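Heads up: the sequence shown begins at 625 in our numbering, then just goes up one per residue.
Hints in this document: simulated from the structure, not taken from any laboratory. A quick note: this is a predicted structure, and the numbers were derived from the prediction, not measured. Each hint can be trusted.
Pairwise CB distance ranges (calculated):
1. Lys856 with Asp677: 56 to 64 angstroms
2. Lys742 with Lys629: 57 to 65 angstroms
3. Arg721 with Asn857: 49 to 57 angstroms
4. Lys822 with Glu747: 17 to 25 angstroms
Don't be surprised by glycine CBs; every beta carbon is placed ideally from N, CA and C.
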Amino acid sequence: PDLAKFGMRTLDDDIVSLMTKRVYDVAGSTSDYCMVYLNGEKLDIKNFRDYTDLYLLTRAGVPQIFEKCSDRWEVCLSLTEGGFQQVSFVNSINTIRGGTHVTHVSDQIVEAILEKVKAQSKEKVKGGVDIRPHHVRNHLWVFIKCLIENPAFDSQTKETLTTKQSKFGSRCELSEAFLEQVSNCGVVDLILMAALAKSKVDLGKRLKANTSRVARLTGVPKLEDANDAGGKNSAECTLILTEGDSAKALAVAGLSVVGRDKYGVFPLRGKLLNV
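Turn these sequences into a full structure, and let the hints steer you where they fit.
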């Protein structure tokens with residue numbers, strides 16, 4: 625560019641990096657026969673699979689499952705723990721915010737994974753775990769290169785595809801082999817662990833909320849509960865367990881000294897049942 629026109633002497637590093645990325649985007653999103661050069665050097669990116677390598681090969685242990693569905697659709701799937709991510713191109717336009725093409729592909733993947741997750745959750749947890757589509761989607765990283773007829777976008781910056789799926793001009797039909805490979809790449813265990821952890825947290829919150837509303841116990845034979853039991857100061861209370869009624873009488877006598885607000889007494893009358 626004519627730097628003087630922009631009041632600049634040199635290009636900022638950020639601008640150079642942005643231009644460099646765009647050159648790599650072009651190399652990955654155009655035809656396999658298109659050769660792309662950067663500063664006189666030919667880029668070693670021959671196809672979309674090579675482009676996804678730039679993101680994934682440096683991430684140890686991360687799966688990379690690729691499928692060229694047709695001349696119009698290429699898809700690569702990996703996993704993430706930081707929420708749903710996507711890198712997509714429509715007619716070589718980088719749709720950084722995704723759109724209907726991403727939904728079209730990811731919905732097929734989510735449906736296949738969700739079926740397996742629900743089946744395995746019933747095997748590992750009685751009654752299963754409540755797994756929703758967004759629980760699955762949050763662990764996916766999807767790469768898509770596609771050709772869409774007369775694409776429409778949300779703005780002139782073309783960040784989001786808005787074309788209805790019925791007007792794409794083609795469909796992305798993911799093969800059973802691809803979906804099976806996706807389901808067996810470790811994503812099921814990842815989703816189950818996250819769902820189980822969340823269910824435990826939710827249970828803890830519910831128990832805490834219920835505990836704060838618990839009233840003083842009544843109807844338990846021979847229980848003499850602390851006055852503050854079941855209230856906001858219940859955590860400060862102590863329940864004295866005695867072997868029988870005689871020992872209970874002795875403990876009750878001692879409460880006349882320390883008071884009944886923080887101490888309660890209950891006779892076990894036998895051994896505890898370990899259940």
